[in-house]
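Visitor: Produce the complete structure using the sequences and hints provided.
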Amino acid sequence: MIRVQREDFDPAAELARFSGNGAVGGVCMFLGLVRDYVGEATDRRQDVSAMTLEHYPGMTEKQLEAIEAEARRRWPLEDALIVHRYGRLEAGERIVLVATASAHREAAFQSCHFLIDWLKTKAPFWKVEHTAQGDTWVEARDSDDQLAARWGQPAPDRR
Amino acid sequence: MIRVQREDFDPAAELARFSGNGAVGGVCMFLGLVRDYVGEATDRRQDVSAMTLEHYPGMTEKQLEAIEAEARRRWPLEDALIVHRYGRLEAGERIVLVATASAHREAAFQSCHFLIDWLKTKAPFWKVEHTAQGDTWVEARDSDDQLAARWGQPAPDRR
Amino acid sequence: MKVLYFAWLRAKVGTGEETVVPPEGVADVAGLVAWLKTLSPGHAEALADLKLVRVAVNQDYVGLDAPVKPGDEVAFFPPVTGG
Amino acid sequence: MKVLYFAWLRAKVGTGEETVVPPEGVADVAGLVAWLKTLSPGHAEALADLKLVRVAVNQDYVGLDAPVKPGDEVAFFPPVTGG
Chain V
1 MIRVQREDFD PAAELARFSG NGAVGGVCMF LGLVRDYVGE ATDRRQDVSA
51 MTLEHYPGMT EKQLEAIEAE ARRRWPLEDA LIVHRYGRLE AGERIVLVAT
101 ASAHREAAFQ SCHFLIDWLK TKAPFWKVEH TAQGDTWVEA RDSDDQLAAR
151 WGQPAPDRR
Chain Y
1 MIRVQREDFD PAAELARFSG NGAVGGVCMF LGLVRDYVGE ATDRRQDVSA
51 MTLEHYPGMT EKQLEAIEAE ARRRWPLEDA LIVHRYGRLE AGERIVLVAT
101 ASAHREAAFQ SCHFLIDWLK TKAPFWKVEH TAQGDTWVEA RDSDDQLAAR
151 WGQPAPDRR
Chain Z
1 MKVLYFAWLR AKVGTGEETV VPPEGVADVA GLVAWLKTLS PGHAEALADL
51 KLVRVAVNQD YVGLDAPVKP GDEVAFFPPV TGG
Chain R
1 MKVLYFAWLR AKVGTGEETV VPPEGVADVA GLVAWLKTLS PGHAEALADL
51 KLVRVAVNQD YVGLDAPVKP GDEVAFFPPV TGG
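Protein chains in written order, with my numbering: chain V, 1 to 159; chain Y, 1 to 159; chain Z, 1 to 83; chain R, 1 to 83.
Quick caveat, the hints were computed from the structure, so don't treat them as lab data. Every residue, glycine too, gets a C-beta built ideally from N, C-alpha and C. There could be a bad hint or two in this list.
[Claimed, not checked] Listed next, the in silico DSS-like pairs over lysine-lysine satisfying Cα-Cα at most 27 Å (straight line):
id, chain 1, residue 1, chain 2, residue 2
1, V, K127, Z, K37
2, Y, K127, R, K37
3, Y, K62, R, K51
4, Z, K2, V, K127
5, V, K62, Z, K51
6, Y, K62, R, K69
7, Z, K2, V, K62
8, R, K2, Y, K62
9, R, K37, R, K51
10, Y, K127, R, K12
[What the hints assert, rightly or not] Interface residues of chain Y toward chain V, partial, derived using beta-carbon atoms under 7 Å:
id, residue
11, G25
12, F30
13, L33
14, F109
[To be verified] Interface residues of chain Z toward chain V, partial, derived using beta-carbon atoms under 7 Å:
id, residue
15, A56
16, Q59
17, V80
18, T81
19, G82
Guide: What follows is the structure, given as structure tokens:
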């Protein structure tokens, strides 16, 4: 299941759905949050007060559904969930939740990892960070391309 | 932090601890549950009504602490948690929760995966499955050794 | 034909969505881009370096050689940064 | 010296814990195992195939050549199956 929404979500309530099926041996979940800084080196960090996530309504849902379908083709999943927010998000707020459930832990882990890696390079979202120095569109990172590429097929976003 | 306990735990409450730190960009969580069957092929499955987890009090905590410390050495973690139950568990019940929080999603994912893989081959727990055909001690799987070995150092349990 | 712009492309073009009627010779994305760049300095700037731009036709990623036709929804945007 | 048995080793030995005083010549895990096997048919059966048995001394995994001394806590158990 996929959901794209402005409002916050409750990871606990989302997780509760995954526990009811007796065939599930492992649930893997990833939760992405707004950090309160950008930049890696401590002396180059800038405080981030908030960010705004723009998206392409319609295409976002279509791409997320395609990514979920691909995960279900590759791994034997009992359940899969992607929830992604858009709009203005303050530091510390939840951005994205990805969760998978399978009979086996390895399938749960790999499929969850795959979902977030592909989502990062395929789902049409764009972040603008609000800092004391002004607003900056976040640039896509080569490292995200590499992380997505290890799952076999290059992300079509970058071909 | 590690905890070994007979009573159930609440993944939501455990997760809530991870959201307070503004340096956290990603949280990865794995939840292990008691499946209601054993065996892979559908025609060879046996219903499992419950299992009992025996452990080695003292050594369990020592090993889990060592595994957590190793994860913190290898990845820049803001937080790490292992909760593992023992005693009798019915089908569908929670067994283990592993969660990690980091500035970066890849570190969160890898460290969480590492923790459960090492735990599986190092933490002194033993499962006995209760089926209609009687009680059976679960045998360790070579696949678990292989999954643990990919993290570099062979699990000392199997040397 | 509906054309959409997102993120900094939207800011440069000055609008997020416009309905256009390209001349008859425009049959693929590359041709559409060349024509859109003639519409305004903002369009020209947004589409100046196509290495920085991704294209979707009817909400699927496509390359510059993909066909476009009346009624299509064509979107231009930078590499995505969600998650 | 405290000796612990877990899982099916406990069932075969018939107890989960015993205090033993090995003869003076017993200085390592291999020597301890050889001596424990003389205590009862259950001990002998539990420790018959050491490929199936893991050993910890004072709660650390060790090999058969690890030293043991009075006061140590020595545990025998099958490969672990938690998680």
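Visitor: For every hint, state whether the structure bears it out.
Guide: Quick rundown of the hints versus the structure:
no. : hint             : verdict
1   : K127/V <-> K37/Z : holds, 25 Å
2   : K127/Y <-> K37/R : holds, 25 Å
3   : K62/Y <-> K51/R  : holds, 24 Å
4   : K2/Z <-> K127/V  : holds, 24 Å
5   : K62/V <-> K51/Z  : holds, 24 Å
6   : K62/Y <-> K69/R  : holds, 21 Å
7   : K2/Z <-> K62/V   : holds, 18 Å
8   : K2/R <-> K62/Y   : holds, 18 Å
9   : K37/R <-> K51/R  : holds, 15 Å
10  : K127/Y <-> K12/R : holds, 16 Å
11  : G25              : holds, 4 Å
12  : F30              : holds, 5 Å
13  : L33              : holds, 6 Å
14  : F109             : holds, 5 Å
15  : A56              : holds, 6 Å
16  : Q59              : holds, 4 Å
17  : V80              : holds, 5 Å
18  : T81              : holds, 4 Å
19  : G82              : holds, 3 Å
In terms of the numbered hints stated before, the structure departs from none.
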